[in-house]
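Could you slot chain B onto chain A? The hints should help.
Number of protein chains: 2
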Amino acid sequence: MRNCIIAQSGGPTSVINSSVMGVVAKNNKIKYYDNVFAGLNGIEGILQEKFFNLSNLTNEQIETIKYTPAAALGSCRYKLKDVTKCTEEYDLLFDIMDKHNIETFFYAGGNDSMDTVNKLSKYAELKNRNLKFFGIPKTIDNDLPIMDHTPGYGSAAKFIASTILENYLDTNVYSKKNVFIVETMGRDTGWLAASATAARINNKCVVDYIYLPESIFNEEQFLNNVKKKLETQDSVFVVVSEGIRNAEGTFISELNAESKKDTFGHVQLGGVGAYLKHILIEKGIVSKVRSLEISTSQRCAMHCASQRDIDEAFSLGEAALDYSSYGENGMLVALKRTSSFPYFCEPIIIHTSKIANQIKYVPTDWINTESNHLNDSAFEYISPLIQGQPNFVLENGLPKFLTLRELIS
Amino acid sequence: MRNCIIAQSGGPTSVINSSVMGVVAKNNKIKYYDNVFAGLNGIEGILQEKFFNLSNLTNEQIETIKYTPAAALGSCRYKLKDVTKCTEEYDLLFDIMDKHNIETFFYAGGNDSMDTVNKLSKYAELKNRNLKFFGIPKTIDNDLPIMDHTPGYGSAAKFIASTILENYLDTNVYSKKNVFIVETMGRDTGWLAASATAARINNKCVVDYIYLPESIFNEEQFLNNVKKKLETQDSVFVVVSEGIRNAEGTFISELNAESKKDTFGHVQLGGVGAYLKHILIEKGIVSKVRSLEISTSQRCAMHCASQRDIDEAFSLGEAALDYSSYGENGMLVALKRTSSFPYFCEPIIIHTSKIANQIKYVPTDWINTESNHLNDSAFEYISPLIQGQPNFVLENGLPKFLTLRELIS
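Chain order of the listed sequences is A and B.
To convert, note that position 397 of the first sequence is 397 in UniProt numbering; the numbers rise steadily by one, no gaps.
To convert, note that position 271 of the second sequence is 271 in UniProt numbering; the numbers rise steadily by one, no gaps.
Chain A extracted, bound-state conformation:
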């Protein structure tokens, strides 16, 4: 008997379930493992032996879960204790895996999850345990190094660009001076805000200013830019990443709102749009300002997902299953772009130690000299990732969704 287990961790994306279904579908084909278990709510659930056998899913269920956003297996933000300080959880996890004949543990997640895979694989090698750990990347943030992009990013970028385009039209219907601000996620990097470059009419980006965490945010320059632009047009459109900071390194959102730290010690952000709205009005630049926080919809809006993203996420799940059958350990599967026009990506494997705690920033040479917009390199990079309308089944006019919650209850 040889089993594997898969779990999801961190913030959801629209396509993380597609990766999980890729693992299941591939194993249904090649039957390398006897059973593919799901660990409910990430590593937290596995430590409590909360399993569900995914090998019993029907093809119709696999197809529906593939098109279900957020983590269908449940997620967690559980951080394993440092292996140099406490090995109790590591040993417990290994024992649970042995007990259920689980040879391989697939972890679908972001940077922190790849760190977990790295630690577990190294400790297993140290202890001479015949257990393998494999990472499947997902993060809308697109901030993992080496790979071209992460599954989840394309769908988030597509929803953000659609939302910008539609609200640009909405805010331009009145002939009254106004400013519209869209705030995207992105704590350290501006990949999500950069998707604004894809919001185009007649192949011209509709956004006037884009601010990324990669550049220092200068409040005075921002106010002057908006003021000047309002002299020649009624409406100014601004896109801003939640993670922008001033020259002192202070998050702009912190100037506005209280902040608190998450389990991993990261500052939880939000509210930069509200702050910019506040100063535009307070400084008398303009009286009509609307600020839209796209919020969690950018990581779960399956109705606007990129079919290419869904397909790539699925193919990485399949590739992970394949590579694990070759005996790889501590690796993750990733996408390497071999051509942009026509677009082509192929799966590769990278050791998680090269990924964990590394951050990939938006290239400096994509950002203009005023640090308030991006050149066409950004659009050429993003455009292939947002292609294709999602192929989900409709039920009562809306996408049909399925999670383990429905199957278990």
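Check before you lean on any hint, since a few could be wrong.
Remember, identical chains collapse to one label, so a pair may be satisfied in a single copy or spanning two.
To be verified - Cross-link-like lysine to aspartate or glutamate pairs, in silico, DMTMM-like; alpha carbons within 20 Å at most: (1) K283 x D82; (2) K127 x D95; (3) K229 x E406.
It is worth saying that the hints were derived from the structure and are not from the lab.
All figures in this text were calculated on a predicted structure; none of them were measured in a lab.
Positioned in the frame of chain A, the structure of chain B alone reads:
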């Protein structure tokens, strides 16, 4: 020479341009008018003779504008002075119409625009002017009386229900007590919030509580309900209309935020979700609360529009052109539902005097006794209106849009 003019007014919807293109396409067929002019930015632009000849549009341009959200002709919130006090603007408008051989003025808008059509048609009759005024309803609020529903509502309802469904999945991935609040538009009526009943998995609504302006909002009852529900489930999902009030008649949003009045004297709302989040945390019910204001996306999210809504809006434009050729004056076209299963609606005409300043509320017998949810009548009403994926052309992966701004510049 016999011309007509069409203009748009009030807040945009995803399908108001479809109605305008219905007028244009129908006239291209029957050639009743020599030219269909657009008045830019509503009645404000017509008074300044800012016109654009829509009869010169190509079929491809008509099709693209049909699938463009927000007001492609521009909009205004301009209110004509009361005819009993000042007739100057009325006379000016009539003279401009005569000068350009304009026999009929089509006004696509909500309640206030229908009031304008009513006043203009009556004053034209009083003055024995051979000028006709015709209303084409649009409002995401769905609050116009007599008709089954308004174009624009179905698409807004579809986007709201999709957003709820996806964020319900997102908020349920962690096994940690939390509350998710979605705030919809709806100052006086709960039609938009009621679309939450369409957010279903396995044919069960995923929303725990829905609060409408039609019922008095009891803060204590709300806190108790959420508290009790959290005893049996990790996540509680709440949908609330921006216009809910307490027993004293005070808007809940006013308890939180400053408010100001728009041109028509309506209080501008927003922030009720933020207030409910605040009290849930302050009263110690739960520490993790997220509040999502769907904001302007609900009235412009063409990427998630209802194709049925688009088609109905188009057919009302066609019907308006037809009825105007029969010599009708002061009327509006509207939809009458003749059957729900199978769904069928037919165009009718109603005099604008019966519509202006009237409000259609969500029926009391759809609301449960605790005033915090709706029964299946709401779902049966809404479900047919959110059917069909929108048929737009894609450009760079996103819907292709076109407004007069691009054509004029």
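Status of D82 relative to K283 across identical chains (alpha carbons, at most 20 Å)
neither (49 Å within a copy, 37 Å between copies)
Regarding K229 and E406, is the shortest C-alpha distance of 20 Å or less found within a copy, between copies, in both, or in neither?
Between copies, since 19 Å is at most 20 Å while 52 Å is not.
At most 20 Å between C-alpha atoms: does K127 with D95 qualify within a copy, between copies, both, or neither?
For K127 and D95, the Cα distance is within 20 Å only inside one copy (12 Å; across copies 92 Å).
When held up to the earlier numbered hints, the structure conflicts with hint 1 and nothing else.
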